[in-house]
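> Here's the letter readout for the chains.
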Amino acid sequence: MPISAESLKLGPWRAGVNYSLPAEEIGPEGLYDMENCTVGLAGEVRKRKGFAKYNASAMNSGATVTAFGQVYIAAADKTFAIAGDKFFDVTGGTATDRSGSVTITAGNDNTWNWVMAGATLVACNGVDTDAITWAGGTANAGTLDDDGRFTKPTWIAFWENRLWLGNENSNSDRLWRADAGDITTWGATNYHQFGYDITGLQPFQNTLAVHTDEGIHTLTATGNATIPFQQQQRTQRGTIAGRSIVTIPGERQVFVRSDGIYQWTGGAQVDKISFALDDRYWSSLNTARLAYSFALYYPAKEEVWFFLPYGSTQTTMNSVAIYSGRLDAWFGPYNNFTRDSAALVDDLPHAGDFAGFIMAHETNNNDDGSAIKAFFETAAIAPLGDSVECRWLYARTLFDNIGDFDVSVQQTGAGIVSNTETITMGQSGALLDSTFVLDSSALESDVSALTDDSDLFGYDPRTTLRFSNFIDDETFTIRRTNLMYKPIGRTRHRKTGIE
Amino acid sequence: MTNLEVMQTALRRVGLNVGSSTFKSGARTYLNMVGKDIQSREKWNWMFKASTFDTVDGTQAYSLASDAITPLSFRNTTQNHVIIMMSSQDLDAADPDHSISGDPTWAILDGVDSSGYTQIALYPKPDSVDTIAYRYYSLVPDFVESNDSDSLDGYYSPIVQPALVYGVASLYKEEKGDDQGAVADRQEMERVLAVASRQNANAQGNRIYRMRRSDEVGHFGFSPEEGTLT
Chain A
50 MPISAESLKL GPWRAGVNYS LPAEEIGPEG LYDMENCTVG LAGEVRKRKG
100 FAKYNASAMN SGATVTAFGQ VYIAAADKTF AIAGDKFFDV TGGTATDRSG
150 SVTITAGNDN TWNWVMAGAT LVACNGVDTD AITWAGGTAN AGTLDDDGRF
200 TKPTWIAFWE NRLWLGNENS NSDRLWRADA GDITTWGATN YHQFGYDITG
250 LQPFQNTLAV HTDEGIHTLT ATGNATIPFQ QQQRTQRGTI AGRSIVTIPG
300 ERQVFVRSDG IYQWTGGAQV DKISFALDDR YWSSLNTARL AYSFALYYPA
350 KEEVWFFLPY GSTQTTMNSV AIYSGRLDAW FGPYNNFTRD SAALVDDLPH
400 AGDFAGFIMA HETNNNDDGS AIKAFFETAA IAPLGDSVEC RWLYARTLFD
450 NIGDFDVSVQ QTGAGIVSNT ETITMGQSGA LLDSTFVLDS SALESDVSAL
500 TDDSDLFGYD PRTTLRFSNF IDDETFTIRR TNLMYKPIGR TRHRKTGIE
Chain B
1068 MTNLEVMQTA LRRVGLNVGS STFKSGARTY LNMVGKDIQS REKWNWMFKA
1118 STFDTVDGTQ AYSLASDAIT PLSFRNTTQN HVIIMMSSQD LDAADPDHSI
1168 SGDPTWAILD GVDSSGYTQI ALYPKPDSVD TIAYRYYSLV PDFVESNDSD
1218 SLDGYYSPIV QPALVYGVAS LYKEEKGDDQ GAVADRQEME RVLAVASRQN
1268 ANAQGNRIYR MRRSDEVGHF GFSPEEGTLT
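Residue numbers (our numbering), protein chains in the order written: chain A, 50 to 548; chain B, 1068 to 1297.
Looking at chain B on its own, in the form it has when it is part of the complex:
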């Protein structure tokens, strides 16, 4: 679904004109609000992402992707080694004037750039062009009008997307005073999210986890004793 499809489907449920810029603007605000609600519910597997950037000779700080809220790991795919994360205090202690250059083996969280994107510093400062791959936990940005025709697939799992429709409709109905209708849509949203949550919990590749037997906990224990079986 696109943002617009979500908004217009929700507006239809609310009973508002789907072509009105006023109502679309309201629906967009609610879409962003509902999105944050859903994102904060749990660690969604579809919010783990990966990306790359290329180092520049002599440049220490690099901006990550716009939706990278929490960097998780870095690796230098050109030189084929991992990059360990360290603190900024450790960087400053190791290289107070940030002058040491070479093959970077450390990454440091370095605040945000002027655009608000997460920024990292590499140590030593790169002296060549390498490709750095990284993993991160994403944040869905606030959508604006120019995003209306964008697909939501890059931000929300298709399984979750119907919840956005119900969530927007619910909030809009509350605004219009239709509490009864809002509750009905809220229930639909929760139903969808419950299903998505179960699916999220099971998204662990092909590994199967087996619950331990209840008698494996508590007082029962086994330990070999010295002696013979006679």
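In isolation and in its complexed conformation, chain A is listed as follows:
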């Protein structure tokens, strides 16, 4: 006999997570909370992939990796890294010291900004007197010849065939430009002043965007030899963290400010895009350290990973909030690790830690051998309104058949005693070959998605589910879930909560 029940469908969760709203005000396509989960294009929620060491041995006795990247230089793909006070060629995961005689001052906050200036890698950190250069191959790093015009430049860009360096030791609002096609020639008056501390540089459309906290300024080539670039202030808000500026397809530049993450499309205003992170997430960040936050664009998934300091006293970046350009939605954070730098290596996100390692993210189902603790929590929707009591019967969950992994499904609600059920993400199948054991092996299923029912309990106008898995090398992909309920009607509650 069929069950007489109504159904509340939660998911697909294409709206991502929303930390700015109470669970009761989030729609069925949104999530109330999550950690270490990602939202796919179909709105499915997956446990994030883990990470593994890119370099087998710690660089520089476990020093902090303050910069690294993969560049095409001297006719080869090279991965370089700066760890502590040394510069390494770490291509393929084996680190070779290429420091030469350059001065690199170790320090977690002495992070480096780098560009490929034609055939030369150039990096600066705002701490050491000279920017450093590297020509690849077996060469050692060297110091940039800046004609003695400035010291300790912080921000760097390569645009219009020129090298640009800004926020130097004597003039934090000054941006120097090298001659066209010559990164070692710097005219005595070849600089621009903006009146505010320069906080980041990023070429954008046909301009060089110069960020200050007070606005985004642009330099536009004029074609005039006397005044080669026109300077304009375009907006009243710019970034506070130059390493967080990322330009994504659609020609959108996104960046971190103290109150959230903004986007600039080249016009006269910026737009805040991180309202969904407000309150329950952003208010827990150590805003005093946001200037050291950084971001990474992950082209394969059109995601931007923002590495942020979560916790009122957190100094290092320990939380990654993900912006999906395809979904225009947020998910994450990814956590349980701290990072000081990030870059793409072999098209995958990599990040430098504080122990001499570059970690290759998106690689496996554990965090360098440790379990990934992942969960997500649905909205708390009252299908018939706040006044109508429902008896919650069971949940039918659609998920990908990915293995014999258990996922805990915890049901909660204001008037419901928390209860946890378990659903299994399919089964480990075996091929029908010589290894197949009768009465023991199970045939591998060709079904890509399965459903499982888990009990629901209690009487309340609304309920919510929390899916979690904290086990090493186990993962899950939840497509959506349907909550079955029996409408009871309007009943008077004697008290708040469980009665």
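Bear in mind the hints are in silico, worked out from the structure with no lab data behind them. Possibly wrong hints are sitting among the right ones.
Below 30 Å or equal to it, Euclidean Cα-Cα: the simulated BS3-like pairs (lysine-lysine) are [as the list claims (entries may be wrong)]:
(1) A/K98 with A/K321
(2) A/K58 with A/K135
(3) A/K58 with A/K535
(4) A/K544 with B/K1103
(5) B/K1243 with A/K58
(6) A/K98 with A/K535
(7) A/K98 with A/K58
(8) A/K535 with A/K127
(9) B/K1243 with A/K544
(10) A/K422 with A/K350
(11) A/K535 with B/K1243
(12) B/K1103 with B/K1116
Add chain B to chain A, keeping to what the hints say.
Using the frame of chain A, we list chain B on its own:
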């Protein structure tokens, strides 16, 4: 079944968390209510019980078992004689200062003791240690949390126990506003009780009662008449 099994089975039917102390407390209250309902339906054969106590030299009043609500009969198994029940007025008339002692042959209902247990007085006041056996009709006491793991077999016939589950579920569903579900469980409870009631009516040992013929009542009668058959 134990109390807990009844409560948790009922909570499952209601759709409430079986581990919640709040819900278990509610179910326990309903279990006690349903139990009283069932006990009052009829004289259940499984509620007739027997017990014993030992007399103490010089002590007249004795407490019966905690569930002994109605004493039915007493006998002195040590001296091998019955004890007749009499009224308290008769006791006071026979022995105004309650000083007479000897082999008790009378039992008097004497209210309840400080614990609320039924108390009886023996007359004459015992002057030795004898074992008194008695029969009584029991009352199932209200269960508390410490009784949760107790078996119900000592209180309710196993045939009746499923009715407790349905009864608790029915009352809980009513509380939650699920009248439709409550009616369904109430029907199940009544079905179980109906069966138990028939079984209770037939529990008369191996004696068989035969209905009288309908022509045995009414105007038909037989009486020998004086005379001869010729």
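> If a hint holds in the structure, say so; if it doesn't, say that too.
Structure-based check of all given hints:
1. A/K98 with A/K321: 28 Å, holds
2. A/K58 with A/K135: Given that 30 Å is the threshold and the Cα spacing comes to 55 Å, the pair is violated.
3. A/K58 with A/K535: It holds: about 14 Å lies between the C-alpha atoms, which stays within 30 Å.
4. A/K544 with B/K1103: With a Cα-Cα distance of about 28 Å, the restraint between A/K544 and B/K1103 holds, given a limit of 30 Å.
5. B/K1243 with A/K58: Holds - the C-alpha atoms of A/K58 and B/K1243 are around 24 Å apart, at most 30 Å.
6. A/K98 with A/K535: 38 Å, violated
7. A/K98 with A/K58: OK: A/K98 and A/K58 at ~27 Å, within 30 Å.
8. A/K535 with A/K127: 62 Å, violated
9. B/K1243 with A/K544: 13 Å, holds
10. A/K422 with A/K350: Holds. A/K422 to A/K350 sits at ~22 Å (cutoff 30 Å).
11. A/K535 with B/K1243: 12 Å, holds
12. B/K1103 with B/K1116: Status holds; Cα separation ~17 Å.
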